[in-house]
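**Student:** Sequence:
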Amino acid sequence: MSPRVAVVGGGLSGLLAARALSPDHDVILCEAGPSLGGAIGVVRLAGVLTDSGAESFAVARPEARLLIDELHLGDRVVAPTRSNAHLWREDGLYALPVSLLGVPVDLRSSEVVAIIGTGEAERAAGLDAAPMRAPRLGETLGSLVRERMGDMVASRILTPVVAGVHAISPDLVEAEAVIPGLGAAMVREGSLSGAARALRAGGERPGAAVNGLDGGMSTLVTALESELSGVRVHLNTAVERVERDGPAWVVTTHGGRFDVDLVVLAVPAPVAASILDMPSVATPLSSIRVGDVAVVSLVVDCAQLDAAPVGSGVLVDPDQSLVRAKALTHATAKWGWLAREFGPGRHLLRLSYGRDGVVAEPMDTLVNQALSDASRIAQVHLEALVDARVTRWPQSLVHARSGHGELATRVAAAAADVQGLAVIGAGLGGNGIAGTVRRANSVRAQLDLMGG
Numbered sequence: 000m001s002p003r004v005a006v007v008g009g010g011l012s013g014l015l016a017a018r019a020l021s022p023d024h025d026v027i028l029c030e031a032g033p034s035l036g037g038a039i040g041v042v043r044l045a046g047v048l049t050d051s052g053a054e055s056f057a058v059a060r061p062e063a064r065l066l067i068d069e070l071h072l073g074d075r076v077v078a079p080t081r082s083n084a085h086l087w088r089e090d091g092l093y094a095l096p097v098s099l100l101g102v103p104v105d106l107r108s109s110e111v112v113a114i115i116g117t118g119e120a121e122r123a124a125g126l127d128a129a130p131m132r133a134p135r136l137g138e139t140l141g142s143l144v145r146e147r148m149g150d151m152v153a154s155r156i157l158t159p160v161v162a163g164v165h166a167i168s169p170d171l172v173e174a175e176a177v178i179p180g181l182g183a184a185m186v187r188e189g190s191l192s193g194a195a196r197a198l199r200a201g202g203e204r205p206g207a208a209v210n211g212l213d214g215g216m217s218t219l220v221t222a223l224e225s226e227l228s229g230v231r232v233h234l235n236t237a238v239e240r241v242e243r244d245g246p247a248w249v250v251t252t253h254g255g256r257f258d259v260d261l262v263v264l265a266v267p268a269p270v271a272a273s274i275l276d277m278p279s280v281a282t283p284l285s286s287i288r289v290g291d292v293a294v295v296s297l298v299v300d301c302a303q304l305d306a307a308p309v310g311s312g313v314l315v316d317p318d319q320s321l322v323r324a325k326a327l328t329h330a331t332a333k334w335g336w337l338a339r340e341f342g343p344g345r346h347l348l349r350l351s352y353g354r355d356g357v358v359a360e361p362m363d364t365l366v367n368q369a370l371s372d373a374s375r376i377a378q379v380h381l382e383a384l385v386d387a388r389v390t391r392w393p394q395s396l397v398h399a400r401s402g403h404g405e406l407a408t409r410v411a412a413a414a415a416d417v418q419g420l421a422v423i424g425a426g427l428g429g430n431g432i433a434g435t436v437r438r439a440n441s442v443r444a445q446l447d448l449m450g451g
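Those letters in the sequence shown? Residues 0 to 451, by numbering that gives the first Met the number 0.
Don't read these hints as lab results, they were simulated from the structure.
Using N, Cα and C, we set each Cβ at its ideal position, and we do this for glycine too.
Any given hint could be a false lead.
Unchecked claim - Beta-carbon label-pair distances, calculated as ranges:
#1 E382 <-> A412: 53 to 59 Å
#2 R187 <-> S371: 42 to 48 Å
#3 S225 <-> A133: 43 to 49 Å
Whole structure, please, built from the sequences with the hints as guidance.
**Tutor:** Take a look at the structure:
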C-alpha cells in the first residue's frame, strides 16, 4: 500500500510537491481557495484570459525555465515586446537604468546621470571602485548600496525598485535573500555594479531579465494540473491543524479529520505556523514576515496609450504623496500576445498596491484610485473603462528582513529533525517563481525518500 501524504496548499509549490510525490504515494492536496495556482492567478477581462498575479519569470536563474521545458511549454516562452521601464517621481518620468533589483550595472549611464546628476554619478562610480569587502552576514541591500554607491543611488534608484517589487525598504531587506549569490559576485567582480552586471545574465534593457508565456503564466498551472493523475484535490478546504499522533499525522479541516504518513506544508509562513502543532518548527516559522498585495487590472480604450508613453511600465517613488500605487505595468505594451488578444486601441494596465505589506486603500475604492493614478502617471485622461478587476493576494510577498537567511536555516534544520514533514511554501526559497520551484524541488529530499 502506498504511503499517504497530505499536501497543504495548492499554489505552485503545492502543485510541484504533489506532482513529485504522486508516482509512488497516495496524495491528498488541500487548498483553502476555489482554485489552484496560488499567486499565479487568471482573470477574464473584456473576454480575454490574462494574469492576475505573477506575469513573468526571471531568466537569471534556471529553475523556472527548466520546469517550463519539462512541461513542454518551451515553445510558448516569450520575451517582452518592450522593456523600457521608467521611474515616476513628482518632478517627472525618468527612464530606469539597467539594474539588478535597482542596483545599477553602469553608474555613468545616461539614465543614472538623468536621475541623480553628473556629479553624484561620478561620486558613485568612485565609491564603487574602492577595494571590495565581503558583505556581512544579514547585511541589508540598502547598506551595501549606500556604502558602495552613495545615498543618492540608494534613495532615488534602489528604493523605488525594491519598494515596487518587494514592498519593503531596501534598508530593511537582507541583500543575499533577495539577490542570491550577490556577496560572492561582489568579491569575484571587484565591485557592486560589476556583480549586478554579472548576475543579471547580460540583459541590456531595464526589464529584459524576465520572460513570460504566450497565453499567460496560468498556462504553467494548467500544465501542472494535467500531470496530477491520481492526486485527490480538495478545493475550498482550509486545513485548521496538523499534529502528530504516534507515528502518523492527523490533519484537521473544517469538514473533518484524516490520518496520513507524511505532511507537506506548502502555505505562507504565518499559515504554516498557525496550523502546525509543533513549536520547534512553528516558532521560527512565525517570525518570517510577509505582506499583502492588491493588483488592479484596468482595460481601457485610449488612443493616447497607443504610443506607450510610459514604456513597459513604471515604478513609483515611495517618497511622494500624489500616487498611491507602487507600480504600473502597461501589459499590452509589454507583451505582444496580450496586444494581439485585445486588439488595436485597447489597453491593459495593471497597478499594484501594498506598500510595506499593507494594502491601506479600501478594496471598493481601488478601481477609481487606479484610474486616477494611471491617468497621473501616463499624463492621459482615462475615461473609456471597458473592464476592471481587483485581485487581493494576502501574505503573498515575503519580507526578507535582515536575519532572514539565518531564520530560514533554523526552520529548515528544525523541520529536518521531524520525521515525515516537509516545509516548502513558507518563503524559504524567496519571492518569485524560481525560488518557489527550487524549494519545492527539495520535497522528496526533505521527506528522506529514495530518488529525492
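**Student:** Holds or violated: 42 to 48 Å for the Cβ distance of R187 and S371?
**Tutor:** Once the Cβ atoms are compared, 46 Å apart, the range 42 to 48 Å for S371 and R187 holds.
**Student:** Using the beta carbons of S225 and A133, state whether their distance is inside 43 to 49 Å or not.
**Tutor:** Taking Cβ atoms as reference, S225 and A133 lie about 46 Å apart, which means the hint holds.
**Student:** Against the range 53 to 59 Å, how does the distance between the Cβ atoms of E382 and A412 compare: consistent or not?
**Tutor:** 57 Å, holds
In this structure, none of the earlier numbered hints is contradicted; all agree with it.
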